[in-house]
Amino acid sequence: MLRLAELILIFPIVSFLAITFLTRKSEKLSSAVSISAIFLSLVSSLLIFFSLSQAPGSFEFKMPWFATISGFSVELGFLVNPLSSVMLLVVTGVSFLVQVYSLGYMKGDEGYTKYYSFISLFSFSMLGLVLANNLLQMYIFWELVGLCSYLLIGHWYSKPSAANAAKKAFIVTRFGDFGFLVAIILISFKTGTFNFLQIEQLIKAGALSQQLVTVVALLLFAGAAGKSAQFPLHIWLPDAMEGPTPVSALIHAATMVAAGVYLVARTYYLFVFSGTALEVIAVIGAFTAFFAGSIALVQNDIKRVLAYSTVSQLGYMMLGLGVGGFTAGYFHLITHASFKALLFLGAGSVIHAMHTNDIWEMGGLFKKMKVTALTFLVGSLALSGLFPTSGFFSKDAILIQAYHSGHTALFVMGLLTAAFTAFYMARVFFVVFLSKERSAGGHPHESPAVMTVPLVILALFALGLGYYTGPFGSFVLGSEAGGEHHGLLIPLVSNALALLSMLAAWAIYHKELISSDALAARFSWPYKILKNKYYVDEFYAFCVNRILFNVSRLANWFDRNIVDGSVDGVFRLTRFTAVVLRGLQTGLVQNYALGIVGGMVAVWILLRILR
Amino acid sequence: MIMEFPYLSAILASSLLGGLAIMLIPDHKHSLIKLVAGISSFISLALSLVVFYLFDASKPGFQFLEKLPWLPSLGISYQLGIDGIGLAMLLLTGIVIFTGVLISAHEFKEGGLLGRVGRPREFFAMLLILVTGVFGVFVSLDLFFLFLFYEIAVLPMYLLIGIWGTGKKEYSAMKLTLYLMLGSAFILLGILALYFTSGLGTFDWFALSNYSFSERFQTIFFPIVFVGFGILAGLWPFHTWSPDGHASAPSAVSMLHAGVLMKLGAFGIIRVALALMPYGAKFWAPYFAVLTIVNIVYGALVAMNQKDLKYVIAYSSVSHMGIVLLGITSLNVISLDGAVFQMFAHGVMTALFFALVGAVYGRTHTRVIADMGGLAKLSPFLAVAFAIGGLASLGLPGTSGFVAEFLVLVGAFRAYPLLAVGAATGVVITAIYVLRVLQKIFFGELNAHYVTEGSQAQTADEFSARHLQKVGSSGHHGFPVAMGDATTAEKIPMAILILVIITMGVWPSLLLRVVNPAVIELVGRIGGLF
Chain A
1359 MLRLAELILI FPIVSFLAIT FLTRKSEKLS SAVSISAIFL SLVSSLLIFF
1409 SLSQAPGSFE FKMPWFATIS GFSVELGFLV NPLSSVMLLV VTGVSFLVQV
1459 YSLGYMKGDE GYTKYYSFIS LFSFSMLGLV LANNLLQMYI FWELVGLCSY
1509 LLIGHWYSKP SAANAAKKAF IVTRFGDFGF LVAIILISFK TGTFNFLQIE
1559 QLIKAGALSQ QLVTVVALLL FAGAAGKSAQ FPLHIWLPDA MEGPTPVSAL
1609 IHAATMVAAG VYLVARTYYL FVFSGTALEV IAVIGAFTAF FAGSIALVQN
1659 DIKRVLAYST VSQLGYMMLG LGVGGFTAGY FHLITHASFK ALLFLGAGSV
1709 IHAMHTNDIW EMGGLFKKMK VTALTFLVGS LALSGLFPTS GFFSKDAILI
1759 QAYHSGHTAL FVMGLLTAAF TAFYMARVFF VVFLSKERSA GGHPHESPAV
1809 MTVPLVILAL FALGLGYYTG PFGSFVLGSE AGGEHHGLLI PLVSNALALL
1859 SMLAAWAIYH KELISSDALA ARFSWPYKIL KNKYYVDEFY AFCVNRILFN
1909 VSRLANWFDR NIVDGSVDGV FRLTRFTAVV LRGLQTGLVQ NYALGIVGGM
1959 VAVWILLRIL R
Chain B
38 MIMEFPYLSA ILASSLLGGL AIMLIPDHKH SLIKLVAGIS SFISLALSLV
88 VFYLFDASKP GFQFLEKLPW LPSLGISYQL GIDGIGLAML LLTGIVIFTG
138 VLISAHEFKE GGLLGRVGRP REFFAMLLIL VTGVFGVFVS LDLFFLFLFY
188 EIAVLPMYLL IGIWGTGKKE YSAMKLTLYL MLGSAFILLG ILALYFTSGL
238 GTFDWFALSN YSFSERFQTI FFPIVFVGFG ILAGLWPFHT WSPDGHASAP
288 SAVSMLHAGV LMKLGAFGII RVALALMPYG AKFWAPYFAV LTIVNIVYGA
338 LVAMNQKDLK YVIAYSSVSH MGIVLLGITS LNVISLDGAV FQMFAHGVMT
388 ALFFALVGAV YGRTHTRVIA DMGGLAKLSP FLAVAFAIGG LASLGLPGTS
438 GFVAEFLVLV GAFRAYPLLA VGAATGVVIT AIYVLRVLQK IFFGELNAHY
488 VTEGSQAQTA DEFSARHLQK VGSSGHHGFP VAMGDATTAE KIPMAILILV
538 IITMGVWPSL LLRVVNPAVI ELVGRIGGLF
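Chains A and B are the protein sequences, given in the same order.
If you read the first sequence in the working numbering, its first letter stands for residue 1359, the second for the next number, and so on.
If you read the second sequence in the working numbering, its first letter stands for residue 38, the second for the next number, and so on.
Please keep in mind that the hints were generated in silico from the structure rather than gathered at the bench.
Keep in mind that the hints are not guaranteed to be accurate.
As the list claims (entries may be wrong) - Taking lysine-lysine and the DSBU-like style, the derived pairs with C-alpha atoms no more than 35 Å apart in a straight line are:
(1) B/Lys414 <-> A/Lys1383
(2) B/Lys528 <-> B/Lys71
(3) B/Lys528 <-> A/Lys1386
(4) B/Lys96 <-> B/Lys319
(5) B/Lys146 <-> A/Lys1383
(6) A/Lys1889 <-> B/Lys477
(7) A/Lys1517 <-> B/Lys414
Unchecked claim - Part of the chain B face toward chain A, derived, beta carbon under 7 Å:
(8) Leu338
(9) Leu446
(10) Val465
(11) Ala468
(12) Leu472
(13) Leu547
(14) Leu549
Stated by the list, open to error - Beta-carbon label-pair distances, calculated as ranges:
(15) B/Ile257 <-> A/Tyr1950: 39 to 49 Å
(16) B/Ile257 <-> A/Arg1930: 23 to 33 Å
(17) B/Arg562 <-> A/Asn1903: 44 to 54 Å
(18) A/Gly1550 <-> B/Pro97: 23 to 33 Å
(19) B/Ile529 <-> A/Arg1930: 43 to 53 Å
(20) B/Trp107 <-> A/Met1958: 22 to 32 Å
(21) B/Pro454 <-> A/Val1928: 35 to 45 Å
(22) A/Ser1416 <-> B/Leu547: 26 to 36 Å
(23) A/Arg1930 <-> B/Asp408: 28 to 38 Å
(24) A/Phe1397 <-> B/Lys528: 30 to 40 Å
Every residue gets a Cβ at the ideal spot worked out from N, C-alpha and C, and that includes glycine.
Start from the sequences and build out the full structure, keeping to the hints where you can.
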């Protein structure tokens, strides 16, 4: 079991090194190495998963990383349990499909081998994050996935917007990571360990005060909010769409952005113990879901719609965890990974054909790209949470849980978000695939099989995963299963709302019964706010450009003029004194004689006065 | 008794003799000069590695002891020995001088940065003598010799910057020297006070460390020695010599200077101030800790606002040395382990940075960040190397910088929780300025400055091809050195530094194994405040 876990990590890192140092010159070989490595990891993950399903349990492996400092040992290790085994499948599965898809999508790209080496590095880092048995190791891999995200967003680095987006993603998440780091330091100071299981035991034994746990949990959540793009640290994710679309599917939809949710799930006992922290994530999650969902309503870039949708769905997951729906929130992570990766890859297929991201430059693609259109439809329905797709099961479980936990306001926000989701997905689908053709260049054609087969596979999962919802709960929670609510009314209401929204979208964007421009003009004020994403980016730009850079400028001025200036001042004073005193040393006897006489006179006068 | 081979003296001799030998070579025999410098620095590095290998980490205290009476009447003896802390620094110095000599050899090529000034004989001789002094400080166990070596390390800097520097080099050289002389004055005062107050009539570090100085004495003289060495370590507000100095110095000198010389300051604080005046350390540490936070955060903020690439790196050194000093002033095992690790990590990282800045400058002939852009297309190796240096600088896991910063923060948190959190914000600001610089220089579109006479260069190949033709022509935009990726001569030293950064990041025990026992002994001496 643990040998398998080790192998899961070894394959992709070997692939990264092999591509970087050996096969860099050969595109075919590099992609082959990378894909076979992730395939082997996928097989290992499947083996782990099946053996765990048969005999559930938790396996831990530890080894010291450096134990050289007395009283402070840092270890590395794996924690293989149902929670991580499911995530392993998600990561290796999506990564494998995305890498196959990239064979077609990235064909002919200048940085082809670089792309595959970074994807391998990412897979390694993400799997290391999933398997981590302690907080510090998780942080280490957490930063490494952030690095890979930076490198892959900036894949086309000569494009200034891509380089900017990469930098923004890294820095914004780093703000959250600051909290994560402080949390780690704080908890290790109080408990002397980073280990998940040991901390859990300490909490169960009541060794930690609730106040401390709340602080730690909130700091951890700051890290999670950065990675999982929760308000107000969400601003990097939409910009991250500058990266190649398969990267968006893998990193910025299915896996890395879910790491924050995974972190909360891994340390869930902290949040539960604290209570307050749980409330905070519920509120932030619901707000993010609603807020990002509303922005997605008016975006014209197909990838940005999906990006805001991702932010919104991540908020949903946080809401699920926050209202006590552990399986609901975590299950939504799994289903979302399948249908959002599907949607991104579908969008990629469209972009590949049309060479544009603007939905208004696309149209009537249904006939030209049947597989893409149908799978995209499946993805949209799943994202909208319609029965009987997988999204239905996970999303409604969250809503039910929110309702029963007594957070009515959060529940209503969740419900509205569901309506938004259905609307914007229907809008995209109608405009891109069903409306009249707009030939904006490019010849719409179906993508090659390496791209469509992954779409079909993901579509099957997006459709079918829901039937796993029952076993999933008992598998992940083990003996502690049960206690989560079920119901029929809420799913009915949410599905009815979703259908209504779709109908509205159909009326506006397909039949054009109501002009969308007229709507925008009618509601110009809210439209403008949404279009400008609530001006959050502007607010940050103000903070960074006006405040931080001015503080920096001030510090620089202070350094050059006050600190250094005083040094130069000492120097000038010395020189000034020297110049003045030098004037005395003329070498002329007459001057000295004058001085002597003058001095004598002065002394004489002084003596007269003093007497 | 069989005499052990005097490894430490051999290390000193290899660089000193190398420097002296170079003086005897006729000035025009450039290759021979470079060869001797290369061999001499390689021997130093190899011997440092041997010492590192032979060092027995399971034994506490000093090893490889050597002692020769020199002036018995004054109690001065040539006494060498090394503990884990000194060993880490010895290894660092070996790595930096070897790579620094390789980089300088490259820059002395026809048309290179140093080649234009010429005089390789004096340059390399002085560089090697300077390094003799650096090695000497790290292995001296006699305060007189420690001070002597310290001065040998500091003084050649004046000429190295004044003659081979760029920009306002005379000003910078003078400022640096005056500052460091001021520091020396404090240090000398402290050492003499220790010598006379103890009444033992010896400069022997062992003897002095066994003598307990009165609390009053320690409270007075600890800050004097701390500030004296602190000036060289870039302690705020005595740091302003360093940006000017680094910016004006040639690449190899900046590498040694930021990489190793600043560590002399931190090392001196540990060896003299902390070890001999533990009570003073306990008394003063909380106050100096506040200054170190200013170093970290303020240094990073100022770095963010620099337009000149070298100034960015120089201020980042001020910020990173703040982390070293915070680790020292936190006075516990974890923080001091982290401080020593950071001394090593920063030394290697900053050496890489300055080597890179030299390489970039050799291509663009500007250090103004705004005038660069898109270099990754032309010089992918430099871009990768810069990125790795930058990532180490912002403390990314997997690089040596992470281990160092993490240990210091964990240790500092036990001593001063609030200050530690403040220091951690420096990590965020560092990310901002490092990535900004990386982007402005290497990413984005190729800067219009590189595209001459209105004709747009389409590809990197075309571009460098055009430039190779222009070599020698003295047009405003003509680069004497071909634009293009790093040459093998540049790649080797950079690759060595990168290898060290990654190795220490992945396998920190390699270094901590030897550092930790020494730190435990030191903290035991202080009695552990936190």
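Here is what the structure says about each hint:
1. Using a Cα cut-off of 35 Å, the hinted pair B/Lys414 and A/Lys1383 holds, with the two alpha carbons roughly 17 Å apart.
2. Restraint check: the Cα-Cα separation between B/Lys528 and B/Lys71 comes to about 17 Å, which is no more than 35 Å; the hinted pair holds.
3. At most 35 Å may separate the alpha-carbon atoms for a hinted pair to count; B/Lys528 and A/Lys1386 meet this at roughly 28 Å.
4. With a C-alpha separation of about 27 Å, the suggested pairing of B/Lys96 with B/Lys319 holds against the 35 Å cut-off.
5. For a cut-off of 35 Å, the pair hint linking B/Lys146 to A/Lys1383 stands: about 31 Å separates their Cα positions.
6. A hinted pair counts as satisfied when its Cα atoms are at most 35 Å apart, and A/Lys1889 with B/Lys477 qualifies at roughly 30 Å.
7. Proposed proximity of A/Lys1517 and B/Lys414 is supported: the alpha carbons are some 12 Å apart, at most 35 Å.
8. Because the smallest distance between the Cβ of B/Leu338 and any Cβ of chain A comes to about 4 Å, under 7 Å, the interface hint for this residue holds.
9. The beta carbon of B/Leu446 comes within 6 Å of a beta carbon in chain A, closer than 7 Å, and the hint placing it at the interface holds.
10. Evaluation of the B/Val465 hint against chain A yields a held restraint, the C-beta minimum of about 5 Å falling below 7 Å.
11. Hint status for B/Ala468 relative to chain A: holds, with the closest Cβ pair at about 5 Å, below 7 Å.
12. Nearest Cβ of chain A to the Cβ of B/Leu472: about 5 Å, under the 7 Å cut. The hint holds.
13. Annotation: B/Leu547 was flagged as interfacial toward chain A, and the flag is violated, the nearest CB pair being 9 Å apart, outside 7 Å.
14. With its C-beta approaching chain A no nearer than about 4 Å, B/Leu549 sits inside the 7 Å limit, and its interface hint holds.
15. For B/Ile257 paired with A/Tyr1950, a C-beta distance near 43 Å keeps the hint of 39 to 49 Å intact.
16. B/Ile257 and A/Arg1930 have their C-beta atoms about 31 Å apart, which keeps the hinted 23 to 33 Å range intact.
17. In this structure, B/Arg562 and A/Asn1903 meet the distance hint of 44 to 54 Å, their C-beta atoms being roughly 50 Å apart.
18. The supplied range of 23 to 33 Å is met by A/Gly1550 and B/Pro97, whose beta-carbon atoms lie about 25 Å from each other.
19. In this structure, B/Ile529 and A/Arg1930 meet the distance hint of 43 to 53 Å, their C-beta atoms being roughly 46 Å apart.
20. Our hint of 22 to 32 Å for B/Trp107 and A/Met1958 is violated, since their Cβ atoms are close to 54 Å apart.
21. Against the hinted window of 35 to 45 Å, the Cβ-Cβ separation of B/Pro454 and A/Val1928 comes to about 37 Å, which satisfies the hint.
22. Restraint check, A/Ser1416 to B/Leu547: a C-beta distance of roughly 33 Å satisfies the suggested window 26 to 36 Å.
23. Hint check: A/Arg1930 to B/Asp408, Cβ distance near 33 Å, so the stated range 28 to 38 Å holds.
24. For A/Phe1397 and B/Lys528, the hinted distance range of 30 to 40 Å is satisfied, since their beta carbons lie about 35 Å from each other.
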